[in-house]
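Single-letter residue listing:
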Amino acid sequence: MTDADPVRLYRTVRLIRRFEQRAVELVHGGQIVGGIHPYLGQEGIAAGVCAALGVDDVLAGTHRGHGHVLARGADPARMLAELCGRLTGLNSGRGGSMHAADFSIGVLGANAIVGASGAIITGAVWARRRQGHDTVGVSFFGDGAVNEGMLLEAFNLAALWRVPVLFVCENNGYATTMPVAGAVAGSIAGRAAAFGIRAVEVDGQDPEAVRDASAAAVGRMRSGGGPELIEARTYRFDAHHTFEHAVRLDYRPPDEVSRGRARDPVRIQGERLPDADRAAVDAEVEATLDAAVRFALESPEPDPADALTYLYASGLTVRTGGG
Amino acid sequence: MPRLSYRRALTRALADELARDETVFLLGEDVQVGASLVTTGLAKRFGTERVRDTPLSEQAFTSFATGAALAGLRPVIEFQIPSLLFLVFEQIVNHAHKFPLMTGGQCSVPVTYLVPGSGSRTGWAGQHSDHPYSLFAHVGVVTVVPATPADAYGLLVTAIRHDDPVVVFAPAGAMDVRDDVVDLEPVPLGRGRVHRYGDDVTVVAIGHLVHDALAVAEELAGQVSVEVFDPRTLYPFDIDGLTESVARTGRLVVLDDGNRSCGIAAEIIASVVERIRLLAPPRRVTRPDGAVLPFAPALDRAVQPSREQLATAIHLTMKDSS
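Protein chains in written order, with our numbering: chain A, 1 to 323; chain B, 1 to 322.
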C-alpha cells in the first residue's frame, strides 16, 4: 500500500511548501483573517507518513495541520477556501486553519488542543476495526503535547487494547516558545516505551526516511502489532504563528534558525529527482495553487444568518442571542 | 402493575438499546461488575467487547468515545462520580460538542454520558457530591435530568438514539424511587411534564426535587394550589410548556439543586419573565453561591435546597402578590 514513488513524494512536500507560502502571503494581504500556524519546514513528516497509508485509514492532527490534510489528498483549493472563510471551504468556512477536516478521505479534523488527537483516533480506529475494516490510524502532535496527560492516557488505552495507532510526534524543538529541553523530562520515545509501545526516532527532514519508518510501523500494526510511535525530528522554518511577525518574539538563536533551515525536506527530496521531473512538478504545483488562490478568493462568503448552521447534527435549533 | 425502580429503569434502557442497535456500546469504570448497580448483568449478556471496563483514564476514554462516534458507533459512558465531569468537561465541550459545527456538518458525535448518583449521596463530601447540570446547559450540550423511573427509561433511550452528545444526570436522590410502570417508551427531549396541576403558583423542580416539590404541594394543599412542572430536559428547555403553566398561575418558584449564581434557576426565571408579566417577583431555592458540600450529614443537608425553603418561598410569593 506504501507509495514508493519519489516523484509523488516530492510533489506532496512541494505542494505543502507552496501552499503554506501562498497562505502566509494571504495572511499578510488580509485575505486570511486570524492567521495560521505555518507547517513550513515540517513537510516531510506529513508527506512521508501519509505515503504509508491506505484509503481506509484515518488521521487527526493539530492546529499546525495543513500539511496533514494536504498530504492525505484534500483538494488544495477547498482547503485554501476554508482558510479564507469561504462557503466552498472543506468545512464550509466554519473551521478555518486550525480545524480543517475532510471526513471523505479519513481526515477527522485538525484539533487546536494539542494532545487531543491521540484518544480520538484510538476510538475511531477501534470502532472501524469492530465494523470489519482493516483501518490503522495516525495521530499527529508536537513535542509540546507529550506533556498533556490526555495523550499519555491515550498511549495507555491504545497499547492496552492493541489499537493500531501510529503516534507521530513532530518534534520541532519548541512548544510555541518553550524549548523542548525545558519542557520534556526524560525522552519522548521513552514515554511511549513505558507503555510498551515500540518507538523509533527518525529524521523528519528526510521524506523517504519518514515514509520508510511509517511503512514499517503500519505493516507491523496491520499484522496485529499494536500501536507504535515515531518521533520525527524536525525544525519549523517560520514563526509558531503568523502573529509573530507583528510582535517580534525573540526566542530562537539566529544560527540555530539558519542551521535548521539548511536541512530542507523539499530540497532534500527534490535532489533525488532528475531536474526535468522536478521542474515539471514545480510547474504543476504552481498552476494548482494559482487556481486554488483564484478559487478561494472568488468563492462566496457564508451568510451571517447561517452562522450556527451545523451546530447540532440532530437538527436541534437554538434561540438567538438578540433582544 | 409492576413496580420499577429508577435504577432498574436505567439498566433496562441500556439493555434494550444494546439489544436493539449493534452500534451501541457501553464503557466506563467497573461497568462489567456493575459497581454503580446500574450496569448489572449487561457484560454477561452482551459481552465485554460491548460492555467495556476502562482504566481510570477519564479524559482518554471520553475522547475515545468521541472518536468511536465519529467512526459510526453510539457509545454510552457511565461516570461513577458526578465530579468527574469537571475532569472531562474539556473533552465533552471542546471536542464532542464542537465537532459538528467546526467541520461544517461533516460529522455527528452521538455519545451519551450517563451520571448515576449525581448530587449529594450524603456523606460523600466535597468531590463526590456535585450536580453540575447547569454547566452543560450553558455550553449547549443536551442536558437531561429525569425524575421518575419511566422518564429515566424514556429519556436515556432517547439520549442514546440522539445524534448529538447528551449528558444524562440521574440524581442520587431519585435512584431508589419506585413507580408503577405500564408502558416504557422513549420520552422526547425538550418537553416538560406537569406532575400536579395547581392554580396559584408554578413550581419548577429538577430531578429528585420533583418529589420534594410534590410533597410540599401536598402539605400546602388547602392553603395554596401548587402546580409542579418538571422540565425533564434542561437543554433544550420546554419554555413553551412552562410559559403556558405560569401564564395560568401568574407566579413562579424554581427548585434547583445547583449553585445559585449563573445556575439554571436564573435562566428559567429570566426566560419566563422575558415572556410574561408575573403577579409577584419570582423566587428560586438553590444551593448557595459556589457551594461545596461539607461532609457532616447535617452540613450536607444545610446547603441543599430543602422542602422548608420551598414552602417559605411559595408563601412569600403569595404574600408579595396580595
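Each hint should be verified, as a subset may be incorrect.
[Claimed, not checked] Short, incomplete list of chain A residues facing chain B, as computed with Cβ under 10 Å:
id	residue
1	Asn91
2	Ser92
3	Met98
4	Asp102
5	Ser104
6	Ala119
7	Arg130
8	Asp134
9	Asn147
10	Ala158
11	Val281
12	Leu311
13	Gly315
14	Val318
15	Arg319
16	Gly322
[Stated by the list, open to error] Each pair of labels, with its calculated beta carbon distance range:
id	chain 1	residue 1	chain 2	residue 2	range
17	B	Val33	A	His28	55 to 63 Å
18	A	Leu308	B	Ile276	23 to 31 Å
19	A	Gly182	B	Gly126	50 to 58 Å
20	A	Ala4	B	Gly126	40 to 48 Å
21	B	Ala19	A	Glu286	52 to 60 Å
22	A	Thr309	B	Arg191	21 to 29 Å
23	B	Val139	A	Arg220	36 to 44 Å
24	A	Ala305	B	Arg275	54 to 62 Å
25	B	Arg275	A	Thr309	50 to 58 Å
26	B	Glu22	A	Gly34	40 to 48 Å
27	B	Glu218	A	Gly34	52 to 60 Å
28	B	Arg45	A	Ala4	44 to 52 Å
[Stated by the list, open to error] A few chain B residues that don't get close to chain A, going by computed Cβ distances all over 10 Å:
id	residue
29	Val33
30	Gly41
31	Ala68
Note that these hints are calculated values from the structure, not bench results. For glycine and all other residues, C-beta sits at the position ideal for the given N, C-alpha and C.
How the hints compare with the structure:
1. Asn91: Cβ of Asn91 (chain A) sits 4 Å from chain B, so the hint holds.
2. Ser92: 3 Å, holds
3. Met98: 9 Å, holds
4. Asp102: The hint holds - Asp102 (chain A) has a Cβ within 10 Å of chain B, the shortest such distance being about 8 Å.
5. Ser104: Nearest chain B Cβ about 8 Å off; hint holds.
6. Ala119: This interface hint holds because 4 Å falls under the 10 Å limit.
7. Arg130: 7 Å, holds
8. Asp134: 14 Å, violated
9. Asn147: Status violated, d = 14 Å.
10. Ala158: With Cβ-Cβ at 9 Å, under 10 Å, it holds.
11. Val281: Since chain B brings no Cβ nearer than about 30 Å to Val281 (chain A), farther than 10 Å, the hint is violated.
12. Leu311: 5 Å, holds
13. Gly315: At about 8 Å, which falls below the 10 Å cut-off, the nearest Cβ of chain B leaves the hint on Gly315 (chain A) intact, so it holds.
14. Val318: For Val318 (chain A), the interface hint holds, since the closest Cβ of chain B sits about 7 Å away, which is under 10 Å.
15. Arg319: Hint holds; Arg319 (chain A) Cβ to chain B Cβ min 8 Å, cut 10 Å.
16. Gly322: 12 Å, violated
17. B:Val33 / A:His28: 55 to 63 Å: 60 Å, holds
18. A:Leu308 / B:Ile276: 23 to 31 Å: 27 Å, holds
19. A:Gly182 / B:Gly126: 50 to 58 Å: 35 Å, violated
20. A:Ala4 / B:Gly126: 40 to 48 Å: 59 Å, violated
21. B:Ala19 / A:Glu286: 52 to 60 Å: 58 Å, holds
22. A:Thr309 / B:Arg191: 21 to 29 Å: Holds: the Cβ-Cβ distance is about 24 Å, inside 21 to 29 Å.
23. B:Val139 / A:Arg220: 36 to 44 Å: 41 Å Cβ-Cβ, so the 36 to 44 Å window holds.
24. A:Ala305 / B:Arg275: 54 to 62 Å: 24 Å, violated
25. B:Arg275 / A:Thr309: 50 to 58 Å: For Thr309 (chain A) against Arg275 (chain B), whose Cβ atoms are near 26 Å apart, the range 50 to 58 Å is violated.
26. B:Glu22 / A:Gly34: 40 to 48 Å: The hint (40 to 48 Å, Cβ to Cβ) holds, given that Glu22 (chain B) and Gly34 (chain A) are roughly 42 Å apart.
27. B:Glu218 / A:Gly34: 52 to 60 Å: Roughly 58 Å apart at Cβ, these two residues keep to the hinted range, so it holds.
28. B:Arg45 / A:Ala4: 44 to 52 Å: 49 Å, holds
29. Val33: 18 Å, holds
30. Gly41: 22 Å, holds
31. Ala68: For Ala68 (chain B), whose nearest Cβ neighbour in chain A is about 4 Å away, the distance does not exceed 10 Å, so it is violated.
Hint compliance for this structure: hints 8, 9, 11, 16, 19, 20, 24, 25, 31 are broken, all remaining hints hold.
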